[in-house]
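Enquirer: Here is how the chains run, residue by residue.
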Amino acid sequence: MDEDKIDEIIGCHGTDKSELITILQDVQAEYNWLPPDALRHIAKRLHVPLIEVFGIATFYKSFSLKPRGKHLVRVCLGTACHVRGGPRILETAERILDIKADETTADYEFTVESVNCLGCCALGPVMVVDNEYYGNLPPVKVERILRKYGHTSSSSSTSIKEEKS
Amino acid sequence: MNRRRIKSHSDLEKLRQEILAKRDLQKTRVAICAGTGCLALGAQKVITSFKEELKKQGLENTVEIRETGCPGFCEKGTIVVIYPEGFYYLQVQPGDVPEIVEKTLIEKEPVERLFYTDPITNEKAIYEDEIPFYKNQMRLLIGDNINIDPKKIEDYIAPGGYSALAKVLSEMSPEEVIEEVKSANLRGRGGGGFPAGRKWGTTRNAPGEPKYVIVNCDEGDPGAFMDRALMEGNPHSVIEGLIIGAYAIGACEGYIYVREEYPLAVENTSIAIEQARDYGLLGRDIMGSGFDFDVKIFRGAGAFVSGESSALMSSLEGKVGAPKPKYIHTSVKGLWNKPTNLNNVETWANVPLIINKGADWFNSIGTEGSKGTKIFSLVGKVNNTGLVEVPMGITLREIIYNIGGGIPSNKKFKAVQTGGPSGGCIPESFIDTPVDFDELTKLGSMMGSGGMIVMDEDTCMVDVAKYFTDFLVDESCGKCVPCREGLERMSEILTDICEGVGKEGDIELLEELSVVMKDTSMCALGRTAPNPVLTTIQYFRDEYDAHIEEKKCPAHVCKALIEYYIDGEKCTGCLACLKACPEGAISGEKEVVHTLNTEKCSKCGICYDTCKFDAVIIR
Numbered sequence: 001m002d003e004d005k006i007d008e009i010i011g012c013h014g015t016d017k018s019e020l021i022t023i024l025q026d027v028q029a030e031y032n033w034l035p036p037d038a039l040r041h042i043a044k045r046l047h048v049p050l051i052e053v054f055g056i057a058t059f060y061k062s063f064s065l066k067p068r069g070k071h072l073v074r075v076c077l078g079t080a081c082h083v084r085g086g087p088r089i090l091e092t093a094e095r096i097l098d099i100k101a102d103e104t105t106a107d108y109e110f111t112v113e114s115v116n117c118l119g120c121c122a123l124g125p126v127m128v129v130d131n132e133y134y135g136n137l138p139p140v141k142v143e144r145i146l147r148k149y150g151h152t153s154s155s156s157s158t159s160i161k162e163e164k165s
Numbered sequence: 166m167n168r169r170r171i172k173s174h175s176d177l178e179k180l181r182q183e184i185l186a187k188r189d190l191q192k193t194r195v196a197i198c199a200g201t202g203c204l205a206l207g208a209q210k211v212i213t214s215f216k217e218e219l220k221k222q223g224l225e226n227t228v229e230i231r232e233t234g235c236p237g238f239c240e241k242g243t244i245v246v247i248y249p250e251g252f253y254y255l256q257v258q259p260g261d262v263p264e265i266v267e268k269t270l271i272e273k274e275p276v277e278r279l280f281y282t283d284p285i286t287n288e289k290a291i292y293e294d295e296i297p298f299y300k301n302q303m304r305l306l307i308g309d310n311i312n313i314d315p316k317k318i319e320d321y322i323a324p325g326g327y328s329a330l331a332k333v334l335s336e337m338s339p340e341e342v343i344e345e346v347k348s349a350n351l352r353g354r355g356g357g358g359f360p361a362g363r364k365w366g367t368t369r370n371a372p373g374e375p376k377y378v379i380v381n382c383d384e385g386d387p388g389a390f391m392d393r394a395l396m397e398g399n400p401h402s403v404i405e406g407l408i409i410g411a412y413a414i415g416a417c418e419g420y421i422y423v424r425e426e427y428p429l430a431v432e433n434t435s436i437a438i439e440q441a442r443d444y445g446l447l448g449r450d451i452m453g454s455g456f457d458f459d460v461k462i463f464r465g466a467g468a469f470v471s472g473e474s475s476a477l478m479s480s481l482e483g484k485v486g487a488p489k490p491k492y493i494h495t496s497v498k499g500l501w502n503k504p505t506n507l508n509n510v511e512t513w514a515n516v517p518l519i520i521n522k523g524a525d526w527f528n529s530i531g532t533e534g535s536k537g538t539k540i541f542s543l544v545g546k547v548n549n550t551g552l553v554e555v556p557m558g559i560t561l562r563e564i565i566y567n568i569g570g571g572i573p574s575n576k577k578f579k580a581v582q583t584g585g586p587s588g589g590c591i592p593e594s595f596i597d598t599p600v601d602f603d604e605l606t607k608l609g610s611m612m613g614s615g616g617m618i619v620m621d622e623d624t625c626m627v628d629v630a631k632y633f634t635d636f637l638v639d640e641s642c643g644k645c646v647p648c649r650e651g652l653e654r655m656s657e658i659l660t661d662i663c664e665g666v667g668k669e670g671d672i673e674l675l676e677e678l679s680v681v682m683k684d685t686s687m688c689a690l691g692r693t694a695p696n697p698v699l700t701t702i703q704y705f706r707d708e709y710d711a712h713i714e715e716k717k718c719p720a721h722v723c724k725a726l727i728e729y730y731i732d733g734e735k736c737t738g739c740l741a742c743l744k745a746c747p748e749g750a751i752s753g754e755k756e757v758v759h760t761l762n763t764e765k766c767s768k769c770g771i772c773y774d775t776c777k778f779d780a781v782i783i784r
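Chains B and C are the protein sequences, given in the same order. So in the working numbering, the last one in the first sequence is 165, and the numbering has no gaps at all. So in the working numbering, the last one in the second sequence is 784, and the numbering has no gaps at all.
Please keep in mind that the hints were generated in silico from the structure rather than gathered at the bench. If you're wondering where the values come from, they're calculated on a predicted model, not measured in any experiment. The C-beta atom is built at its ideal place from N, Cα and C for all residues, glycine as well. Treat each hint with caution, since some may be false.
Claimed, not checked - These stretches of chain B come out as covered by chain C in the derived footprint (C-beta under 8 Å, 3 or more residues): (1) 15 to 26; (2) 61 to 68; (3) 91 to 104; (4) 117 to 127; (5) 136 to 144.
Claimed, not checked - Taking CB as the label site, the calculated pair distances span: (6) Ser338(C) / Tyr149(B): 56 to 62 Å; (7) Lys66(B) / Arg442(C): 38 to 44 Å; (8) Tyr149(B) / Glu715(C): 43 to 49 Å; (9) Ser454(C) / Gly14(B): 28 to 34 Å; (10) Glu52(B) / Glu432(C): 28 to 34 Å.
Unchecked claim - In silico DSSO-like links for lysine-lysine, alpha-carbon gap of 30 Å or less: (11) Lys484(C) / Lys66(B); (12) Lys777(C) / Lys744(C); (13) Lys70(B) / Lys210(C); (14) Lys755(C) / Lys716(C); (15) Lys5(B) / Lys484(C); (16) Lys141(B) / Lys607(C); (17) Lys744(C) / Lys347(C); (18) Lys44(B) / Lys484(C).
Just chain C, with the same shape it has in the complex (with noise of 0.2 Å):
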């Protein structure tokens, strides 16, 4: 497409109205979800198909296939929209295309099959807001990646997508746009929940140029990953974002750091990037307003550690992304010792929202101490996974219950990890309590970046701990004395309790060690490392005590506490955990109840996943 410079506020408003005059509204249009969730799942043969089978049909120019983003509700992926009509289509195969054609797009009928269907009372939805994961949030930020191929920026234009960057660059002084975002109290979405605006007002004033903005798309907690949907599926929003940023600080070159896991999200990054410059919004003379800004990605190289913000300038220059004591703030000394704003994926595409709709609309959501909404990655033991945005102030209860959709197999709710291994496990007693920055804060835990691990009883909370522990163990970078040496041990003492020779006194060196660690490590890493461990001993203690004392793990996880047999009530004799045993250790014959050797027993569980009369028992 050939782009065109938009020169001012109504070149930009002229240029949209085009956008809009080219759109058939009435035109069949299928959005089929193109992020890593559903790619996983096979969307590409999806698509694929897609096209086949409209090209037999002759169909090819008169429906248009769009790739869009992740909506979110990765559980049921492949996800497919037909508009005008917006039938939506869950769990979606290449098999079912033809069908779709025939007729959803040439008779305009609805494929019943493909739609939600409620587990309870086996009622259809037909459309999104009437699919309980939806219709539940507040999708603010991600309600519109259904619509949205990426790849393209008038997708973001049509809807009325840079005009955040228009109003201020037209009718706004930096200092008054720093004034808004501080009003609306956006508190970075990153972990730390620093106020954005502050933070943007100290790096703007601190001496030194040229300053920089980063995005900080390094998303290395484990089970979170609503920054690589928001950067691979509307990645415009935060380049948005960033430049009204970059404007207020009085910075004229920006990063966008992606880690190298997400290839997708640096991808279309790269192509947005590309189709900003085209149109003038990125470059010399930005919607000729006379502001010079550029931006660059740059590919983390896998390390957990350089997540943070002076960490992540390091890898930036070039170094080990190690962190550096923060005598001095990055927004004052930062890359190159220069000025500079980090902020993360979220907050960055925040600052669109509140530019066009106001500091006041955006206080009107949420609680008192956090505005606005928040991503989460609803993941783990829970029915509907996914990516869910709702205003600060819901309950743990409504997004794991309303949204979530509860506890898959009837099993027994146990606890919500949220904040990655900063953070903590939240125990069934606090449920109701409200999600936002310090309400988390005041279990233990933390909100974090947004990954919300939902626990079941088939979870062993020792083992959790323990989990985290070894994953920074691993992450650690160790330059100061109390995480690496502090995390080891810790390790050892974890890994001892789950195997079984766990000892009195253990849990209670534990907690010395975390008192320790929090006070003495260098940066937060370090610090809310004990997180995990704390929270899972204040409220799961018994669990503990069971692996210490009764050398039982009550979740039958832990493989040292564990022994498989088989239920001679139960066993039919069917030879298939015979057959798939790995180690031999099964013998028997056909129509003869097995039995388990547990000597050579290995304890892989694969007769346990094999046996369809639950008659192989964990005990």
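This is chain B alone, in the form it adopts within the complex (with noise of 0.2 Å):
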């Protein structure tokens, strides 16, 4: 971790505690999650206690204490996308990469998470790549959506557990 970009983020907004949770999201948009010495040195810089910090990296959803894979599917399980068949999306997905929603594949490539609503109800089922959005999703074309990202079938079998969920 490099103190140096974490002082230049909390430059941008200060060091007051109500700046803590944008300061955190910064951070993440910088690492893709949040290493355990960039909560600390936050704690520190904010004066904030680090029990304070880890609360809200564990409450709030966006946030991942666990290093994140280079691609991001993410599978919208709103209610639209629920009636029209978000979970088998999930489950497809689950089943290409071989790993369950909130892990990562051994070689750091996909993470898979299910989020609540994207806002993309009309669509449904809707899943994110990234920041590409496929909607009206059959399970069919999941995996040739995740070819596109450099999946193979004989990518990595084990996976790691997030731990938190």
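Hints given; two lone chains; assemble the complex.
Expert: In structure tokens form, the structure reads like this:
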């Protein structure tokens, strides 16, 4: 972790405690997850107990305390997606990558997450890879999409569990 | 663009005239929806194709391309409208662009195949107001989206934007503004339906300075996206409402809390705030009135419960976004313990309309207890999915059939779910119920923020109850026992029922748990959490009984209770399912009827999707 980088982010927002969530968001945008050293450094700089920083980082869903894969596969499980087969999209992605939701492939290429609603309800079921949206998605198309992002059937089969649930 | 400060009402009017004078109404304009929905369907590629094609044809200076907010008909995106003709093209693909440029922009002829086609009469609809989806709506808030590039404040000012603010600052006292909103009977659109004017009055009169105003765009209800469409499609309408509210309440600082799942809303709102500041519509001495007010954007970090007002304020303070007991309302002690008025996006967007057109006009729309229009996200098993804005009091049938075009594939309507995880499922017998705050509550559901998820015969109502319960198990902050533990126990019981191990007495136990949760949970999340369970028990008890007693899922959804098999009469032996099956559970040879080994089958349903001859059957 690069302390100067974190300091630069803090510098953009100031050290008021109310900026904590915003700072964590920016740090995550930089590293794709929240490294423990970064949390310690932020706690020190903002004069906030580490437990509070940790509390925030575990309470809000968008924060990850484990490194995530290069590609983030998010499957929407909002109500509209649910009734149009969202869970089957998730199962298919899990089966193809051989990991469960909130897990990362051993080669750190893919992380699969379910999200509660992406607000694309009219196009359900929806899957988002990185920032590319795929709407009205039948399960049979999932594999082809994942291949676009470099998945091959021989990709690593073991997985790393994310501790955060 | 060089933006000079607007110092008075007449300055604004002058600016508007200047903007209009620069516009050539006969100039060809291509409006392309650049909302999240259309972008998901490839709108960016359509926009790029238009730019390239216009350049190729040397038309880049004579044709304007406007990237607009969401007009609502997401099902048929990407939406492209050609002005001044008003040709309304649906499902436009990048490949259609050269033909549109050639035929419509150059030869002024329509491309008929891109018009809406009525599925029954096959008639084409050329203009927006001929399309049944639009013609049965009353689009006061989202109707202008197709004309507005949300990244350009001038597009909002041109048709009269910020004139309500100018009127308020030059002609009305704060008390008069509150009185107007009170007499308009504007009720909060976020779910609670609390009278906005009364809340404003309480905040204004509460002791303590400074006072704060907040826009709640933490639209967490799954299946609802009207706030996203407003915030990203016409952010100035919300900002104008907010400034008016701040003036009435006496606040000089405001926040717009946007959930992080809506990056485009964050981007467009940030740009809108900057541009409003450039014109002096935010900041010090707004329009020369002496009134100071500014606003900041805050990105949520993904917690459903943080949409609750006290939780949202904790989140703004940089804390865990968990609700607090409301012995004292947030309008008296809210953000940093100061009087704070929080309203939902749609509520704020209604304010400029009320000021411009008056409380009497607003009262002329809607029902006795619910005035004005409401935007719903009409989604799920319905033909025309998208955002619909309708007057309060319209029936569910009108929304689902006249606007939504009914249920796809000739399936049977089963229920409509309103109010998100706090609402309930309304069965067919109540489909003629007028939609307003009070009527839906009477049915055990609620209007909520406006999600309307249509369900057909293939939706299992026990699975739906389990879905919402599991959603809330995940999202409960865990602070109070009835919600935290009650939801867990409910989820266990519902999981048992869906897995075929439900037993007699389970339904009664769910009902008993529900009563305790309703009576004793700390915030609305826990108090309303049993609604999806209670309404499905009330209206679809036979489905629960089928799961518990017969171990059957009538809708063929619950995996433990279904089985796939291949119908020998229909199977042509084409090998498609055999190749697709990830478990190797299907055996057979070319042109020989295939068989499915149920022991190997994981019930993933891929064979069912793959078979072109309807030979894979679920029983």
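Enquirer: Under the constraints set out in the numbered hints, which ones does this structure not fulfil?
Expert: Result: hints 14, 16 and 17 break, sorted rising.
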